[in-house]
Structure formats: structure tokens, C-alpha cells
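Quick note, the sequences are listed as chains A and B, same order. For the first sequence, position 9 (counting from the first letter as 1) is numbered 9 according to our numbering, and the numbering increases by one without interruption. Position in the second sequence counted from 1, then plus 185, gives you our numbering.
These are calculated hints, taken from the structure and not from any lab test. Only a predicted model underlies this, so the values are computations on that prediction, with no experimental measurement involved. Don't take each hint at face value.
When the alpha-carbon atoms are kept at most 27 Å apart in a straight line, the in silico DSSO-like pairs for lysine-lysine are as follows [to be verified]:
(1) Lys317(B) - Lys48(A)
(2) Lys262(B) - Lys243(B)
(3) Lys48(A) - Lys261(B)
(4) Lys59(A) - Lys262(B)
(5) Lys261(B) - Lys29(A)
(6) Lys248(B) - Lys29(A)
(7) Lys58(A) - Lys187(B)
(8) Lys59(A) - Lys254(B)
(9) Lys261(B) - Lys59(A)
(10) Lys319(B) - Lys261(B)
(11) Lys30(A) - Lys243(B)
(12) Lys59(A) - Lys218(B)
(13) Lys29(A) - Lys58(A)
(14) Lys29(A) - Lys254(B)
(15) Lys29(A) - Lys187(B)
(16) Lys262(B) - Lys319(B)
(17) Lys58(A) - Lys317(B)
(18) Lys317(B) - Lys30(A)
(19) Lys187(B) - Lys248(B)
(20) Lys29(A) - Lys59(A)
(21) Lys218(B) - Lys30(A)
(22) Lys29(A) - Lys244(B)
(23) Lys254(B) - Lys30(A)
(24) Lys244(B) - Lys58(A)
(25) Lys244(B) - Lys262(B)
(26) Lys243(B) - Lys29(A)
(27) Lys30(A) - Lys248(B)
(28) Lys59(A) - Lys243(B)
(29) Lys30(A) - Lys261(B)
(30) Lys59(A) - Lys317(B)
(31) Lys261(B) - Lys317(B)
(32) Lys29(A) - Lys262(B)
Reference excerpt, derived from the structure (chain A facing chain B, CB under 10 Å, subset only) [unchecked claim]:
(33) Phe66
(34) Gly74
(35) Gly101
(36) Leu117
(37) Ile123
(38) Gly126
(39) Tyr142
All C-beta atoms, glycine included, are put in the ideal place defined by N, C-alpha and C.
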Amino acid sequence: MDFILEPWPWYVGGPLITLIMFFLYYFGKKFGISSNLESICAMGGAGKLHEFFAFDWKKNSWNLMFIVGTVIGGFIAFKFMTPDQAIALNPQTVSDLADIGFQNAGAQYLPEELFGLEALLSIKGGVILVIAGILVGFGARYAGGCTSGHAITGLSNLEIPSLIAVIGFFIGGLIMTWLILPLLF
Amino acid sequence: MKNIRFIILGILFGIILSKAEVISWYRIYEMFKFQSFHMYGIIGSAVILGVILFSFFKKGVIKNYLGEKIIIEPKKKGFYRAIIGGTIFGLGWGLIGACPGPMFILLGRGVLSISIVIFGGLLGVLFYHAIKHKLPH
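Based on the sequences and whatever the hints tell you, model everything.
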């Protein structure tokens, strides 16, 4: 029982992700989360704005149900399975974050500086949240997939486009982490 | 209701990513700083097992629940879309530490701010389709 409540190591998390992917294929579907963003737009009536979104989103309802499940799973894990919300970070990471203005890194599951109410209600904080979302949504659909579709499924299928996309994920992530984040905070 | 199985898989996926700390902004920052093996271990082990799994699919050793061969749809080709789209995605991932799956899981944790990120994600998708004919693919 203790194991359930502790953070799970990578060699548990990684294989379990593959297991979920297996079941999705076993049930005749695929593993790709970001296409749900398109389905939600279609569901919200974006077909009136652009013909792309005029598709029948109901054919993707299985995937929408999957993300409804992830919301419930996040709630269950948070409420009942994670008594200690701290993240055991590399001490170097904690000190690097302190240098760019993030206090007590790892003491909570998420940094207040980005996700806290104060950040949410500030102009800078709100703009960061919206822009980050736009970058993720735009980039994922431009690239044709996100971490699930490209990094896990595409690489598992030995696809060159996915390898290029994952290289792109890292180019963007490294630029943000090393060059832009220190300027923002 | 046939879709109940996907809700259950989603619940498990949400729990797995929460417990493995994949949805923590700190873990993504640490990954891009190369200061922890954690995220590389997760993605790496998932992919290595995925390669083995897919080889069983392709050989027809593992079939789907209807007994049919499992076909994996290939990704769209195009160097520019992959590298430019990927880089834009990476900028957002590095900034907010959440890709689309974790965004929804974080919503379940009651993280109010993430609803703004999801809203931005929908805007980004709309924006992409509005201007995609002008972009290199």
C-alpha cells in the first residue's frame, strides 16, 4: 500500500504508459491527445468559423471520454493517492530555479509563480498562461501530434516525422528553459 | 455504453501520469536542464516497450479485440511541419511544463490556472487551421 502513495519511479510510469497505449490499440483506437483540442473546437461550433472544424466530432467521442477520464484520474490521484505533494528535485535544479526567481522549488507539486492565484490574476501571469497554451495547441497541430502522438506512438512506430518533431520539441523546450524563462522571471 | 472503457483507461492514465510526476512543471524543467534521468527514463522505457509492442502488432501476433490485425496509421510527412511545429510546441511545453494530456489531468487536480492554458490551446488550434495554408509543411 505504501508503494501506491509514494511517487512512482520512471520504470513503473514508463511501462504503464505503454500498457495504456496497448489497450487503446487493442480496442481499435489510437494514442493521441492533442487531436481532442480540435474535437472540442468542433464541438463548440468552430465549424462556422472554418470548414476544417465542420467534421463530425462525435466519431472522436471515445477520445473525448478518454480525456474526461484523465480529469477524473487527476482528481483521484490528487485527493487520495498523494499524501505528500513535494517533488524530490535535483538540488541543483532547486538552486537554479532560486536564481531565476522561483522560491522553494519542489516543496509543492507546481510552482506558485506560474500557477498560483496571484499569478493568475496578474496581467503578466495571465498572458503567460494564454501564450503557453497557444504555443502548445498551435505547435501540436502544426507538427501533427504532441508527446503522446509523436514522442510515444510515433517513435514506437519508428517514424522519421516523429523523430524530427521530437527534436523540435527539444529545440523549443531548451530555448525556453535556458534562454527565455530567465528573462521572464 | 461502449465508451466506458475509454473513461476507465483515461482515469488510469491520469493516475499514472500524476503518480509518476510527469504532470509536474518542475519535472519538465529538470528534464530540459538535463538534471534528472526521471523523464528520460519514462519516455525512453515507454518507447522501447512500444517498439516491441508495435512489432507484435505488425507481425499479427497481437490482434485487436475483434481478432483483426492492428494497423498503425503513419504520421503525416513533411520536414517543415515537424521541425517548426515541434519547436513551437516545445516552447510552450518548456514554458508551462504541460502538454495536452497533463493539462486535462491538472484540471482534475483543481488547478484553476490550467483552464486558461487549455483555453489558449484551443485558440492555438483555431489559429493554426486559420493560417495553415500560408505555412510551409
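- Any of the earlier hints contradicted here, and which numbers? 12, 21, 24, 35 and 37
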